[in-house]
Every structure is written in structure tokens, then in C-alpha cells.
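Chemist: Given next are the chains, with one letter for each unit.
2 protein chains.
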Amino acid sequence: MGEFDLIARYFKRPVRQAVLGVGDDCALMQPRPGTQMAISSDMLVSGRHFFADVNPRTLGHKSLAVNLSDLAACGARPLAFTLALSLPEVNEPWLAAFAEGLLALADAHGCELIGGDTTAGPLNICITVFGEVPVVNGRSQALLRSGAQAGDDIYVSGTLGDARLALNTLLGQIDLPPELLATARARLETPAPRVALGQALCGVATAAIDVSDGLLGDLGHILECSGMGACIEADTAIKLVASYPDSKRATGQFDLKISTEQWRSLALAGGDDYELLFTAPSAQRAAVAQAGQDSLTPVTRIGQIRAECGLQLVDSQGQTLPNHYASFDHFA
Amino acid sequence: MGEFDLIARYFKRPVRQAVLGVGDDCALMQPRPGTQMAISSDMLVSGRHFFADVNPRTLGHKSLAVNLSDLAACGARPLAFTLALSLPEVNEPWLAAFAEGLLALADAHGCELIGGDTTAGPLNICITVFGEVPVVNGRSQALLRSGAQAGDDIYVSGTLGDARLALNTLLGQIDLPPELLATARARLETPAPRVALGQALCGVATAAIDVSDGLLGDLGHILECSGMGACIEADTAIKLVASYPDSKRATGQFDLKISTEQWRSLALAGGDDYELLFTAPSAQRAAVAQAGQDSLTPVTRIGQIRAECGLQLVDSQGQTLPNHYASFDHFA
Chain P
18 MGEFDLIARY
28 FKRPVRQAVL
38 GVGDDCALMQ
48 PRPGTQMAIS
58 SDMLVSGRHF
68 FADVNPRTLG
78 HKSLAVNLSD
88 LAACGARPLA
98 FTLALSLPEV
108 NEPWLAAFAE
118 GLLALADAHG
128 CELIGGDTTA
138 GPLNICITVF
148 GEVPVVNGRS
158 QALLRSGAQA
168 GDDIYVSGTL
178 GDARLALNTL
188 LGQIDLPPEL
198 LATARARLET
208 PAPRVALGQA
218 LCGVATAAID
228 VSDGLLGDLG
238 HILECSGMGA
248 CIEADTAIKL
258 VASYPDSKRA
268 TGQFDLKIST
278 EQWRSLALAG
288 GDDYELLFTA
298 PSAQRAAVAQ
308 AGQDSLTPVT
318 RIGQIRAECG
328 LQLVDSQGQT
338 LPNHYASFDH
348 FA
Chain D
18 MGEFDLIARY
28 FKRPVRQAVL
38 GVGDDCALMQ
48 PRPGTQMAIS
58 SDMLVSGRHF
68 FADVNPRTLG
78 HKSLAVNLSD
88 LAACGARPLA
98 FTLALSLPEV
108 NEPWLAAFAE
118 GLLALADAHG
128 CELIGGDTTA
138 GPLNICITVF
148 GEVPVVNGRS
158 QALLRSGAQA
168 GDDIYVSGTL
178 GDARLALNTL
188 LGQIDLPPEL
198 LATARARLET
208 PAPRVALGQA
218 LCGVATAAID
228 VSDGLLGDLG
238 HILECSGMGA
248 CIEADTAIKL
258 VASYPDSKRA
268 TGQFDLKIST
278 EQWRSLALAG
288 GDDYELLFTA
298 PSAQRAAVAQ
308 AGQDSLTPVT
318 RIGQIRAECG
328 LQLVDSQGQT
338 LPNHYASFDH
348 FA
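Those sequence lines, one after another, are chains P and D. So my numbering is basically just the index in the first sequence, starting at one, shifted up by 17. So my numbering is basically just the index in the second sequence, starting at one, shifted up by 17.
Hints are computed from structural coordinates only; laboratory data are not their basis. Treat the hints with care, since some could be wrong.
[To be verified] Estimated spans, in silico, between C-beta atoms of each pair:
hint: 1; chain 1: D; residue 1: Gly335; chain 2: P; residue 2: Asp124; range: 52 to 58 Å
hint: 2; chain 1: D; residue 1: Ala69; chain 2: P; residue 2: Gly244; range: 39 to 45 Å
hint: 3; chain 1: D; residue 1: Cys326; chain 2: P; residue 2: Arg156; range: 52 to 58 Å
hint: 4; chain 1: P; residue 1: Val71; chain 2: D; residue 2: Cys326; range: 40 to 46 Å
By construction, the Cβ of each residue, glycine as well, lies at the ideal position given by its N, Cα and C atoms.
Work out the full structure, taking the sequences as your base and the hints as a guide.
Modeler: Right, dumping it as C-alpha cells:
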């Protein structure tokens with residue numbers, strides 16, 4: 018099978034929102050008047066972002082999910098994406114499963130494949146995603162990292178740390194019972210981008226980012242862009258790890274031989290969570306709760322923005338904890 | 018140097034056309050009313066699209082050039098691009114040179130870097146480029162592959178085959194004198210995307226594509242999309258190889274020990290040319306010549322579109338030649 022047959026068989030589909038899709042030198046889109054286009058690119062590399070032998074269906078899902086998560090963090094509605102794919106070989110069952118996982122998530126979000134590239138080389142997946150953000154009275158409704166204000170509440174959606182727990186288990190560093198591993202592994206391999214929540218937070222949240230490198234590291238980007246500091250309740254965050262015994266989400270009680278310190282590290286710096294971390298004025302608490310309900314997404318208040326620079330971590334008694342949680346860095 | 022310092026140092030620049038550039042979850046663009054956005058992605062892999070030890074400055078140039086060439090083939094005006102980069106290591110001199118080559122070409126075309134991704138991994142460069150296409154009276158002015166009509170002339174811009182000649186020389190398959198290698202190598206490493214010509218051809222050309230996989234292979238896409246056939250004058254195409262002794266472009270006369278058959282193969286199936294291949298009605302010959310002049314780009318008529326399917330090659334005496342020229346295919 019050659020390059021063009023491969024594209025035609027697995028990746029060429031009719032477009033509805035775009036003017037022109039796969040099959041010419043460029044795709045064509047005509048954004049609706051009164052909207053902006055939100056654009057984000059993510060590159061996933063074999064052996065770094067995923068195991069080389071990962072299930073190709075979940076890999077297809079995750080490759081698009083991490084991009085949709087960026088649109089979610091801007092409050093954008095997904096429209097379309099391009100896919101550039103470097104493959105070591107043409108493995109048809111692998112490609113069919115990859116395309117199935119990818120396009121199922123794309124269809125679920127009305128996000129259509131409009132173009133891209135395929136080449137031979139080490140396995141590498143680069144997706145660029147396009148979303149729509151409304152402009153109201155000349156003001157973009159996009160959620161940015163730079164809008165956090167002193168006194169704002171800090172929230173995170175869903176659960177934290179389980180993706181990292183699964184990774185550590187698969188790497189043989191932790192021994193997790195199969196029931197818990199299944200849940201954690203789903204968070205690692207098939208994260209659900211918080212697209213509906215992001216859109217519901219437009220006009221409510223003051224700043225947002227998606228948690229990819231770890232909660233505190235990504236919070237650091239909001240603080241830097243907003244010129245603010247923050248206080249985070251570490252033990253509230255711990256309870257957002259679905260596998261944590263006191264989280265009420267855990268499927269059973271196990272002695273996992275994981276210290277409180279390790280739970281904190283999973284929650285605060287685990288990474289690969291693809292949850293939304295966002296800020297909103299305390300006057301908006303009801304609106305935040307409503308946005309969570311409307312999007313069927315749990316949201317938890319975990320701290321507060323402060324005018325003083327720096328990040329303070331406190332435990333459940335309000336005692337300051339040392340902050341030595343490093344965010345993920347590809348070159349650190 | 019960490020991932021975020023790397024981005025800040027080499028790739029974060031103020032934006033003029035985009036609403037928001039590098040540094041948030043998404044970039045934001047607001048296309049002008051009455052325009053469409055043309056979008057294309059290309060992925061370049063070390064050892065396949067370029068030698069691992071290639072000059073990083075020319076690699077930066079070429080990575081964007083091949084994308085701008087896709088915009089040119091649609092007649093789009095370049096606006097912006099995203100860059101996803103997988104790097105085996107942080108090599109600052111390499112990165113500085115890569116960024117310099119990339120951004121010099123970007124600046125020359127008013128095409129700004131608005132976002133992307135960096136990760137560790139085998140060297141891989143994925144660029145997605147955005148351009149603007151006017152819509153006039155509700156009709157997109159984009160040049161597509163599908164508009165060729167029976168009787169249309171077939172044209173190609175610039176020169177053909179020299180990039181492949183340089184590649185073959187660097188691979189030790191041909192012995193080219195240094196003067197000719199310098200010219201040919203510039204065509205391989207720093208192709209000039211035909212952006213101005215593409216825009217000048219809007220409303221003149223009926224179909225267009227950029228020559229990346231080889232003239233005949235890329236012509237095949239136009240024929241397939243347009244449901245047409247063609248006749249190509251092989252010996253007119255040969256003279257478009259700048260290194261061909263009779264091309265009048267050659268810097269000197271050398272006995273290169275290259276057969277006529279090899280010259281034909283270079284011109285018709287060399288690949289990596291990044292010239293525009295396009296069709297236009299014979300009534301538009303003056304307009305095509307004018308578009309070439311206005312964009313300072315040579316254009317040469319090399320054949321004609323026919324209603325009958327199939328591709329006929331003829332020599333300078335009009336005799337049919339066998340067509341055994343394979344287009345480049347990453348998986349063939």
C-alpha cells in the first residue's frame with residue numbers, strides 16, 4: 018500500500034464544516050463572522066509520550082484528546098484538525114485501529130480531519146487542531162492564562178494523578194491491584210478532554226490552562242502570565258486522585274503502600290491529567306457550579322489567587338508544606 | 018536549558034497579524050471578512066527528508082519553504098504558522114541557526130510563528146501553515162487540483178530536477194563539478210516557494226499543484242482530480258534542469274556523463290522541486306506571462322490537457338516516449 022492509498026483508505030472523509038478537506042495542497046476553512054479561530058499543535062513521540070506497543074486505538078484517541086484539551090482550556094468549540102504522521106512501516110491493522118480511535122473521538126466532538134501529511138520514519142504523531150471562539154461586543158471570549166485576579170478561587174476539573182499512577186505501575190515502580198490499574202490506565206490512555214466545561218466557563222472563569230505537565234507546574238504558567246501568586250490546599254488535591262483510599266471514588270480499600278507524600282506528588286505533579294485548571298472570582302461560585310453541572314464535569318475548589326508572588330502549599334490544618342514538586346519538562 | 022526557556026529564547030516573538038501568538042494553550046486568529054483560510058501541514062523527518070548533518074540554517078528555511086509552497090499552490094497569501102519540533106538534545110548553536118533560517122524566510126513572506134510544541138525525540142519538524150484566500154462574489158479564488166479543462170495549456174515555473182541532481186551527487190551516485198553542485202544544492206536545500214506567482218495566478222490558472230514528489234506524479238494528481246488526461250513535451254522539460262548543458266542556465270559546459278534518459282528522469286520525476294505546476298486556457302497565455310513577470314518567476318509551457326484519460330510523453334519530434342517515471346512515495 019502506497020502513501021496515497023493509505024491516506025484515501027484511512028484518513029479521507031467528507032467534510033461538513035470546512036470548505037475543502039483532505040486531497041488538495043491546502044484545506045480551506047471559512048470561519049463564521051464574529052468568531053476567532055483558536056489553534057494548537059501537539060506532537061507525540063513513541064517511547065516518550067506513549068509506549069511503542071500501546072494499543073493503537075487508544076493512541077489514536079489520546080493523540081487528538083491532548084489537542085482538544087488545549088481548545089477546552091481556551092473555551093473553544095472544536096471544528097477541525099490536521100494530522101501529520103510518521104510511520105516506521107505500513108501496518109494495516111495498526112492503522113485501522115489508530116484511525117478508529119482517532120476518528121471516534123473526532124466525531125464525538127464534531128471535529129473533522131481536513132488535511133495532513135504521512136511519511137516513513139520513527140513513529141511520531143503531530144496534530145494541529147482548530148476551534149471557534151465567539152467575539153462578543155468586540156471582545157474575544159477566549160479563556161487565557163493571563164486573566165487571574167487576586168482573590169479568585171482556583172478550581173480543577175475531574176481527577177488528578179491517576180494517569181501518573183498508571184504510568185508508574187506500568188513501569189514496575191508501583192504494584193496496583195488490577196481493578197485500580199484499569200481505572201488509572203483509562204485515565205492515562207483515553208483521557209476525556211473537558212471541551213464542554215471549557216465552553217461553559219467562557220464569561221465565568223478569569224484564566225484557564227489544561228493540566229498536562231502537572232498541576233503546580235501548569236498553575237505556575239497562570240501565575241506567571243497573570244503576575245499573581247497562589248495558595249493551594251494540597252490535601253484537597255490528594256482526594257482528587259481516584260485511586261486514593263479516602264477519595265470516595267476508589268473501587269475498594271487496598272493497602273497500596275503509597276505514602277501521603279507520594280499521593281501529594283501524584284496529585285500535584287503527576288501530569289498527563291488533561292483536566293482544566295481555572296480561576297474565577299468568588300462571586301462566580303454558583304456560576305462555576307452551574308458550568309460543572311451543565312457540562313457533567315466535577316469541579317473542585319483547591320485554592321486561591323493572591324497578589325503576592327509565589328506559591329504556598331498548605332495541608333488540611335492550614336500548615337505550610339514544602340513545595341518541591343517538579344513539573345514535567347522534556348529537556349530538564 | 019528547559020523546554021520553556023528554549024521556546025522563549027528561540028521561538029517566541031511578537032505577533033502582528035494574529036490576535037495571540039506563542040505562550041497560551043492556543044493561538045488566536047481572526048480572519049478578515051470575505052476571506053477563507055488555507056491550511057497545510059508537512060512533516061520532515063531526519064534521514065528521510067534531509068541528512069542528519071544538514072546545515073540547520075538551511076533546514077529551518079526548507080521546513081517552512083515546503084509549507085509555503087503548498088500555500089502558493091492554492092494562491093494563498095501566507096499569514097502564520099505553528100511549529101512542532103522533536104529534538105534529540107538541546108543543542109543551542111543548532112537551534113539558533115535553525116531558528117534563524119526559519120524566521121528569515123517567515124519574515125520575507127510576512128508569515129508569523131504563532132504556536133507549536135517542543136519535545137525530546139528523534140529529529141522531526143512538523144509545520145502547519147495558514148494563508149488567506151479571497152472570496153469574490155461568493156466564489157473562493159483558491160487554486161485547486163480539480164479545475165483543469167481539456168485544451169488547457171500546462172505550465173511549470175522555474176527549474177526542474179536540480180534538487181534531485183544534488184541529492185544524487187551527495188549520495189555519491191553522480192560526480193558533479195563544484196560550480197554545478199553549488200547551484201543544484203541551493204535548489205535542494207533552500208527552495209524558493211512560488212508564493213507571489215501563486216497569488217498572481219488566481220483568476221488565471223484553472224488548476225495548480227506544487228511539484229514535490231516529481232513533475233509527472235504531481236501532474237497525475239491534477240489529472241485525477243480533474244478527470245482529464247495530458248500530453249507533456251519531455252524535451253522541453255529537460256531544458257528546465259538548470260544544470261542541463263543546453264539549458265542556457267548552465268554555468269559552463271561539462272561532460273557530466275548523464276544520458277538523455279537520466280536528464281528526462283531528473284526533470285520528470287526528480288522531486289523536491291517546489292515549483293508550481295498549473296493549467297490555464299490558451300486564451301490566458303498573455304495573462305500567464307504577465308503573472309510570471311509580475312512575480313519575477315519564469316514560467317514555461319510544457320504540454321496540454323486532453324479530455325482522453327492517460328498521460329502521453331512526446332520528444333522534440335513529437336514521437337511518443339515510454340512513461341516509466343515513478344513518482345516519490347514514502348511507502349512504495
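Chemist: Check the structure against each numbered hint from earlier and tell me which ones fail, lowest number first.
Modeler: none
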